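**Q** We have chain A already, so just place chains B, C and D with the ligands on it with the hints.
Residue numbers (this note's numbering), protein chains in the order written: chain A, 1 to 107; chain B, 108 to 520; chain C, 521 to 1139; chain D, 1140 to 1344.
No wet-lab data here; the hints were simulated from the structure. The reader is advised that the hints may include incorrect statements.
[Stated by the list, open to error] No more than 20 Å apart at the CA atoms, straight line, and that leaves these computed lysine to aspartate or glutamate pairs for DMTMM-like:
| id | chain 1 | residue 1 | chain 2 | residue 2 |
| --- | --- | --- | --- | --- |
| 1 | D | LYS1316 | C | ASP1118 |
| 2 | A | LYS11 | D | GLU1152 |
| 3 | C | LYS970 | B | GLU230 |
| 4 | B | LYS389 | C | ASP752 |
| 5 | C | LYS1051 | B | ASP186 |
| 6 | D | LYS1306 | C | ASP1119 |
| 7 | C | LYS1051 | B | GLU193 |
| 8 | C | LYS970 | B | GLU133 |
| 9 | D | LYS1316 | C | ASP1119 |
| 10 | C | LYS1051 | B | GLU133 |
| 11 | C | LYS970 | B | GLU315 |
| 12 | D | LYS1236 | A | GLU47 |
| 13 | B | LYS181 | C | GLU935 |
| 14 | B | LYS190 | C | GLU1053 |
| 15 | B | LYS190 | C | ASP1018 |
| 16 | D | LYS1236 | A | GLU22 |
| 17 | B | LYS181 | C | ASP1018 |
| 18 | A | LYS11 | A | GLU22 |
| 19 | A | LYS24 | D | GLU1152 |
| 20 | A | LYS16 | D | GLU1152 |
| 21 | C | LYS1117 | D | GLU1152 |
| 22 | D | LYS1235 | A | GLU13 |
| 23 | B | LYS182 | C | ASP1018 |
| 24 | D | LYS1306 | C | ASP1118 |
| 25 | B | LYS182 | C | ASP1118 |
All values derive from a computational prediction rather than experimental measurement.
Each chain, written out:
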Amino acid sequence: MANHSNINDEKREFYKSRNKQEMKMQVYTFVMMIAFTLVAFGLVLAEVDAMFTIPIILVLAGVQVLFQLYYFMHMNTAGHEWPAAMIYSGIFAAALTVLALATIVWW
Amino acid sequence: MKGWMSRFKAVFALAVLALILSGCGEPFLSALQPRGDGAEQIFQLMVLSVVIMLFVFVVVMIIYVFVVIKFRRKKGQEDFIPKQTEGNHALETLWTVIPIILLLILAVPTVQYSFEFADVSPETTAEGDELDQIWIDVTGKQYWWHFEYQDLEVSTSQEIYIPTDRKVYLSMISDDVIHSFWVPSIQGKMDVNPTGNRNEMHLHAQEEGVYWGKCAELCGPSHSLMDFKVIAVSPGEFEQWVEEMQEVSEEDVPESETAQDGQELFADNCLACHAVGSSPNKVGPNLTSFADRVNLAGVFEMNEENLFEWIDTKGEDMKPGNLMVDAPYDLNEEEINNIIEYLMTLSPGEINPDSAENGVYQDSDLSGLFPEEEEEGEDSEEEEDGDSEDNGDEEEQESEEDSEEDSEENSDE
Amino acid sequence: MSTTANNKAGFGSALWDYLTTVDHKKIAILYLVAGMFFFILGGLQAMLIRIQLISPDNEFISAQFYNEVLTMHGTTMIFLAAMPLLFALMNAVLPLQIGARDVAFPFINALGFWLFFFGGIFLNVSWFTGGAPDVGWTAYAPLSLFSEGHGVDYYAIGLQISGIGTLIGGINFIVTVVNMRAPGMTYMRMPLFTWTAFIASVLILFAFPALTVGLFLLTFDRLFGAHFFNPDMGGNVIIWEHLFWIFGHPEVYILILPAFGVFSEVIPTFAKKRLFGYSSMVFATVLIAFLGFMVWAHHMFTVGLGPIANSIFAVATMAIAVPTGIKIFNWLFTLWGGSIRMTSPMVFALGFIPTFTIGGMTGVMLASSAADYQYHDSYFVVAHFHYVIVGGVVLGIFAGLIYWWPKMFGTMLNEKLNHWFFWLFFFGFHLTFFFQHFLGLMGMPRRYWKFLPDQGLDLFNLISTIGAFFMAIGTIVFLYNVVVTQMKNVKVGPDPWDARTLEWAIASPPPFYNFKQLPLVRGLDPLWIEKMENNGRMQPAEPLGDVHMPNNSFVPFVMSLGLFIAGFGVMYQGGMWILAGIGFAITAGSLLYRSIKDDLGYHIHKEDFDKEEGDGSNG
Amino acid sequence: MADDMLKSGNLPEHPERATLEGSNKFMGFWFFLGGETVLFASLFGTFLALRNSNAEGPAREDVFGLGLVFIMTIILLTSSLTSVYAMYHMRNHSFKKMQLWLGVTVALGLAFLGFEIYEFVHYVHDYEFGFRTSAFGSAFYTLVGFHGAHVAFGLLWFITLMIRNNKRGLNLYNAPKFYIASLYWHFIDVVWVFIFTVVYLMGMV
Ligand code: HEA
Ligand code: HEA
Ligand code: CUA
Ligand SMILES: [Cu+2]
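Excised from the complex, chain A in its bound form:
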């Protein structure tokens, strides 16, 4: 490829440090995710009222997923416009599906 030799050591160092920076973020993300998980399990174990717990743990799950997508899967970086578009379309179709199956199969 054209840009092989262009990458000199200087640049590489720059990338390395930037990657390191990013990796730090990833670890923070991870810590947050673990924390969220603990909260979710904690709420259930503490037998907090269901009307309260269920929305909360669903939101926690949603945020965790966004963490995964944006940080672990790098959707926050450039070149992910189409992936994001498709994932959100998928989420849209998925939400409708779940909503319908959870409500209008009507027992």
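**A** The following block gives chains B, C and D with the ligands in isolation, referenced to the frame of chain A:
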């Protein structure tokens, strides 16, 4: 109900169209010749939508015909290069907005009727009193229909009798696969599902008559032979029919000896699956009023020849896949003929499909069927203990009002 | 196919070539042949249906067989005829229209075809092993659980296999459009066929997984003792209906959108005008796709979901009429002021407009949830969907086939015969289906093996059957035309229709590398622009260089064959488990082989191009 | 040019997307994940519809235990992080470290799968709660089983890639493959987040 129509400018067009459409089909079957409230409302909706569609179609076709004639390449124009227009915002807005308006006109009655058809609360008289509700439990089975009149101890198969003076409410479920209950000239269809829920709908026939019902959901080889009848009779005749039906019992003995013999054979070979008199639904149709049936097994001409073939072959070729083929009996010609003779005595009384067609109207407010209907006051307290002995199943109505109603009625007995 | 083209190939090597090809143009031909085969099969089944219904109380075929024919007619036509024929068109022209040398995943493209093909064969094997599926193409549970024999198993597994093929084929097209466009080919310069194919592929991506799951559940219930749809064990039959229609409704737009695309190519070409309202056409396409996901329950109005759900879905469904209407009027105004040539593709397009409008309008009538209580599962619905499918999709497919035939094969179908085909088919079509609207309202439910005498249904059914024969004759004229044309084999130039888009800038049929140099696209309708402003030849966007090409591969065939074999094992179980073992081993083995063995393709060196020059064949 | 792809060394910053083939794979795989979203949504929807349909069989509260699920969750989340580490080293072009972290990921994945199998066996034996027990059983095993199958497939994928490329190191041809395998792994984690929330936690509140 017709508010939306009164303001509609094309009433005249509607009338003409309705006239044309209603020429189509047989009155006992066609959705285009409505004889029931529901069918009529839907017919209005159809006419409205056809008018809208015709309008759209005419517009499209005028442009289309004009364009195709006017802009055909003519001789000598081979090198003509038309102007390459990109678009036109005014036009594009126009053909976005007008359809939206047309669709809104259609959407309003659509939503209104959707709710109306789902409403199974009791009708009210002009004075505001609630009318008694006749609830019928409908069970669809491969390939026949069973009907039980709640609280009346009457059950039939293949044919339901309904009075013409009021709505009749159906609570429907399937015993096997999905069927769909459709009486085109009275009301639109509703699926009959095997899953725990009961679907509810109502019928109101405006005229006496024998209306054909069809199964509209593919349910196996004989799906196309799963017909039934709705026999709409005047309220007085209906009341009489109910009373006659309540009288019948398995033990009733026919007069002729051969028929008595037939009855015994019937008891030995057939009663495992069939019933005479009020019964919960069984493997085969209830035969209480068999001799009065319009058709044998829903579709065949009612004569002894067909009946003989039916019993002899267990309907194997007549209704492919029907479940009577499992019957274990083995009968000779004479025995079958005796059974036939017995079956032909199964006519509980004077009310039969003819009553729907003979033009006789007997009035009644059906209060005979619903004793103490007058006292439908607030004194539900004392009725508490009566509740428990009722068969609870029938009260699984979805709508709260009904179950209230029901428990009150039941406990009065 | 290695570096050079070998022209004088025998039958054996030609066959091998097609079995291993990864060239989208050849895959297009594979789709075309298989799709036509299934179209004729489905058409013959339709003829059986119509003959059975020619008169009341007819006993021409038995009830059980009728249900099998009916099911296979619907399934075959939708999954094995219409979709593949559209895929044929997409494969043939989509990469050319965006100026690409190839699709994004040539290997997966081939795999997609073979999976579809083996899935289709699998489904049809059922005829010979005790009966085809007999529960309608919608396979509603629990009838599909009760159905005896293995018919429904063939349905579930066959569609599963071909569904995977369709899904990966769809992904291939999406990525091709996203990544492979020629320089200057921005999204808003893409031809409408490309746009609609792209959006249809997106619909495939999101709709097919629901079918996949539905079919899995059905398979598990039937073959492995699960209870998803068994009410006795807590199952719920409505789940199947939802899953099927969450897939099923987008599916019908998957079918119609590419057909819209075809007409959006044909009409501008033969009106000699650019498409009116291009950007609103794109917008309408996207909007239809979006709304298409929110309306599926209009197939379930009578299920008893309640008035609230029914109303919501009714209104959402009606909304689709708006973007579709935008399209209709844009086509009409493309014609306005044009210079219309009545070529056969154009005649198909002109036949489409009123026919589809009628079909769409009956669709809106159906969308009126309360009124649907009367229409549902009656012949009114049958009439509706044949108006949109035959009047839209099938006319679109034939318009596209005739239009792009020169591009695919380098020959021109006989115009006169094409006109005959059109008029026979079109006349027969309306004769067949127009009166079915009335049949439905007069009380004739669909999927009826028999209708009874004395119910006023005889005449219209008879007319309908007569109409079907006209359609059959028309189709035969077309097939005859194809045979004669290919026998004569008179070659035509690159641009026989005087068209506007990029695919007409290269030889007919195109060389296997498509574009020697990628073209520079300067606007919508690039070829037209060059015709108007230049000498009518595309300017290259790059200097002549080596061209990278993928290697042929036999793996897609083998991989699909493996699933085909495994399907039998899973179905018959018992001693046949061994087949499942073998089949899955073949598939897994070829997957492993594919991932372990490097496949880097090869290069055509620029020096070699001159040898190819002028030689219309594409190796 | 093509053969260059197999040369390691001198890789660009984003080796996974540097070639057209790589970029195609990258896009295609993301889109595939969009489709997978609907696939799992259909399974989740089915599960939700049938969550109380245990017929006579055990209900959710009867069988689920949170301890095991918690451990599994932590394992899978951690494996997500380790695969991020692997990709981090890929971007720094240190193949050995990438392999190492992938190895850790695989080990964690195996542990997860082991626990899952243990869980299933436990349910079947101790609670007589199986795939055929009830509609709920079918829905539960199908949803969680589909996820488990994805885990198993992901593991096989990682292992194949690691073995195949062990000798020759990172290059433009295999970098995209590693990258999309790790995307897949994250996606599996995403699904699990919803499984533990919707299936287990919501089943226990
Ligand atoms: C290519 C396939 C295709 C297409 C494009 C459509 C398009 C539409 N369909 Fe159809 N449909 C099917 C294939 C298709 N359908 C099939 C196969 C079935 C049956 C499945 C089965 O049960 O086996 C079915 C069934 C079906 C039903 C269920 C009926 C039932 O079973 O009870 C409904 C109900 O709403 C419906 C509605 C619509 C609507 C509103 C559109 C709209 O998209 C139509 C929009 C187009 C127009 C409206 C015309 C042009 C517009 C204008 C000129 C603008 C102005 C118009 C107005 C203001 C009205 N369809
Ligand atoms: C792409 C979709 C598609 C297409 C193109 C067609 C095309 C046709 N269909 Fe239909 N049809 C469906 C999809 C389609 N159909 C679906 C989904 C159903 C619902 C199934 C269900 O309920 O489950 C259905 C159902 C259906 C019914 C309702 C059956 C019932 O409910 O009982 C009928 C009845 O008339 C019918 C008729 C026809 C006819 C006459 C054609 C004609 O257009 C066919 C014309 C084509 C030919 C006639 C080709 C013939 C070619 C030859 C004869 C060549 C001769 C051979 C050689 C020279 C080798 N179809
Ligand atoms: Cu019952 Cu069809
Ligand atoms: Cu639809």
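**Q** If any of the earlier hints don't hold here, list their numbers in rising order.
**A** 3, 10, 11, 12, 21 and 25
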